[in-house]
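Going down the list, the sequences are from chains L and G. Oh and the first sequence: position 54 is 54 in the numbering used here, straight run, nothing missing. Oh and the second sequence: position 344 is 1344 in the numbering used here, straight run, nothing missing.
What the hints contain is simulated information worked out from the structure, not anything from laboratory work. Quantities reported herein were computed from a predicted structural model and do not represent experimental measurements. Certain hints may be false.
Mimicking EDC-like on lysine to aspartate or glutamate, the simulated pairs with C-alpha atoms at most 20 angstroms apart in a straight line are [unchecked claim]: (1) L:Lys295 <-> G:Glu1067; (2) L:Lys350 <-> G:Glu1279; (3) L:Lys172 <-> L:Glu120; (4) L:Lys295 <-> G:Glu1068; (5) L:Lys287 <-> G:Asp1339; (6) G:Lys1295 <-> L:Glu69; (7) G:Lys1287 <-> L:Glu351; (8) G:Lys1066 <-> L:Glu351; (9) G:Lys1287 <-> L:Glu67; (10) L:Lys295 <-> G:Glu1069; (11) G:Lys1190 <-> G:Asp1202.
There are 2 protein chains.
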Amino acid sequence: MTREYQVISTDDHIIEPPGLFDGRLPKEFADRTPKLVETEESAAWHIPGVDKPIEMSGLGTAAGQKEEEFSPKSKTFGAMRAGCYDPRERLKDMDIDGVDVQVTFPTLPGLAGLTFIEIEDKAYALALIRAYNDWLVEEWSAADPERLLGAAILPLWDPQEAATELRRVVGKGIKVTTLPSAPQTIPGVKPYPNESWEPIWDALEETGVPAEIHIVSGKNDLSALGAMGGGAEIFVCMAPSSNMATVATLLFSGILRKHPKLKFISAESGIGWVPYFIERADYTHRKHQFWTGTKIDVTPSDLFRQSIFVNFISDRAGVELRHHMLDNIMLGTDYPHTDSSWPNTQLVIKEQMGDIEDEERAKICWKNAVRVFNLNGS
Amino acid sequence: MTREYQVISTDDHIIEPPGLFDGRLPKEFADRTPKLVETEESAAWHIPGVDKPIEMSGLGTAAGQKEEEFSPKSKTFGAMRAGCYDPRERLKDMDIDGVDVQVTFPTLPGLAGLTFIEIEDKAYALALIRAYNDWLVEEWSAADPERLLGAAILPLWDPQEAATELRRVVGKGIKVTTLPSAPQTIPGVKPYPNESWEPIWDALEETGVPAEIHIVSGKNDLSALGAMGGGAEIFVCMAPSSNMATVATLLFSGILRKHPKLKFISAESGIGWVPYFIERADYTHRKHQFWTGTKIDVTPSDLFRQSIFVNFISDRAGVELRHHMLDNIMLGTDYPHTDSSWPNTQLVIKEQMGDIEDEERAKICWKNAVRVFNLNGS
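Bound-form chain L, shown alone:
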């Protein structure tokens, strides 16, 4: 049986519910089970080994709020829309939005698991990551495994262990993993071009699982922007395209030449800059390959089309330029964040893609995702 799709969103977020870790840690770590502590006004996770409680930002739990109500201030679970944390309520909100599938990123561990990865006691950190991935399969995605594709997190400080964990969770039904936008900013983790990543590249190729690299999922990705003195709007404006540096690193590193089956999704990065960027990458390679001692013997744009996928919420310029990248672009609804198109995703699709050919719209809205995520769809 193949499923019929209309919209597959490849960028959304889980707000992890209280009790997630209860009973999921091995005996020796049971007394270090992370706990959610709620006051009348806010909610924060307390994790032994993590310096500060982790508050859920109001900007990350904004589903159902008007722009005028957005605030970074933490809120209680009672003040959130239940779709934030309850997978069955999430499915209802997806129905309201006309969205068949969401790929959901973690929030409490960070978009790529950095909060756990940085814990000093690595045995405990690994237990947390395994427990999180187990919960993702057994509780979150279990509400409808075809519609909620939870993105796994990996113990990146130990690439062999990360490869083992990837294979383990793929065996349990996981269809996608997260990777960070700036691995080199994480203590104990090397930049993507470093050969230490080989076991992870091998495991990704073997399993056929795509890796989603969400914007600003490294540590201090955009720290330089603060110094420019312009405030939060500049950060919000610049955050999506900050993934350009990550994509450039992958293109020029040689990884995609050595591992042609790798599939990376640049999540929430927008798409309108892509034609400029791959043209610039080719110009760079053509003009500078001799003195730079390039690691690639094909054009960067060919490697992009082979291995890089990019998603967007709202991007008219990108839709206008879709013919440059029609097999490499996807939608994301960014539920329940402030930039989300929910509950107006159908309207956004109509406004931005109402006048394009059905086959083109189908590729962007679901067909490319079916192929990249190995879904059973038509």
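Keeping the supplied structure of chain L fixed, place chain G upon it in accordance with the hints.
Relative to the frame of chain L, chain G by itself:
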């Protein structure tokens, strides 16, 4: 008399010739006159108060070389094409290229004068800046003041002094100044949104002179890229669009609302990312203006169209999207750098703009520049 133009390039570079400062410094600094020292293989400026000799990179003196010959290694003046440093030879090279005008950036002092700005003895630093600007008018642009528009440098550590110097050199015929891409990285200089810049904004509005902000003209603009582990190609690929952060800062700072006559040119940044970027800026402002406490009450894209101009060497994606920004884009030939279109600028224009309307091509190739640089042209 108005002049007829075909091509105005708004991004090129001077390689400063030996003897530039000879006899140009006040008596008290005469014994600290910077000197060019040549060996058989290289050339470097020695400036008292600057730690290391400043070599002229081979990548900045590549005019006439093939891609296979590009090298960062310094070379002697004898090994360079004379158009690098001799204004009369430059004019001949412009004729070969079918280019009427070049806006030329400094090299020895850095693209925005940072080498001089960072000298501790500020009286000496100011003397160097004045001497440089005097040479620019009296020797460089003097070869043909209508065709060689030398870009001034300013003593940015003292905004009042910078405003005075701007008025002084405009009185001598200067038509454009440089400003850095990341002022906050320069010791003693504040970020653009800081009110200390007001005297400079006032002087720019009063004189009507545009400020060109060249990519990577701040200090350590792209230092984070090194850590990504991918080498020089990533830097070259990412350098143009790194000016996005500077443009975002200007748009959201409120400066362009308070000083609507300011004109900034984002130099060598390419243009293909602009439609994506101004759409993203508007989306950011519409969705986030309430919690961020925005400083602007109009859309960022309106401020962009009012005050920001962007130039490119080769950018098909940008030309395809020209209708989004037809009054705000210009050409640059980047002579004598590695990315330059010289001596094939006519071919590049034909390949990229051969099939667009004459009036559109005229705006991009020269009409916008006539307006922004207050030239006398038709």
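Quick rundown of the hints versus the structure:
1. L:Lys295 <-> G:Glu1067: holds (17 angstroms)
2. L:Lys350 <-> G:Glu1279: holds (18 angstroms)
3. L:Lys172 <-> L:Glu120: violated (28 angstroms)
4. L:Lys295 <-> G:Glu1068: Distance ~16 angstroms between lysine 295 of chain L and glutamate 1068 of chain G Cα, so the pair holds.
5. L:Lys287 <-> G:Asp1339: Holds, at roughly 7 angstroms.
6. G:Lys1295 <-> L:Glu69: Judged against 20 angstroms, a Cα distance of about 18 angstroms means the pair holds.
7. G:Lys1287 <-> L:Glu351: The hint holds at about 18 angstroms.
8. G:Lys1066 <-> L:Glu351: violated (48 angstroms)
9. G:Lys1287 <-> L:Glu67: Roughly 6 angstroms between the alpha carbons, so the hint for lysine 1287 of chain G and glutamate 67 of chain L holds.
10. L:Lys295 <-> G:Glu1069: holds (18 angstroms)
11. G:Lys1190 <-> G:Asp1202: holds (17 angstroms)
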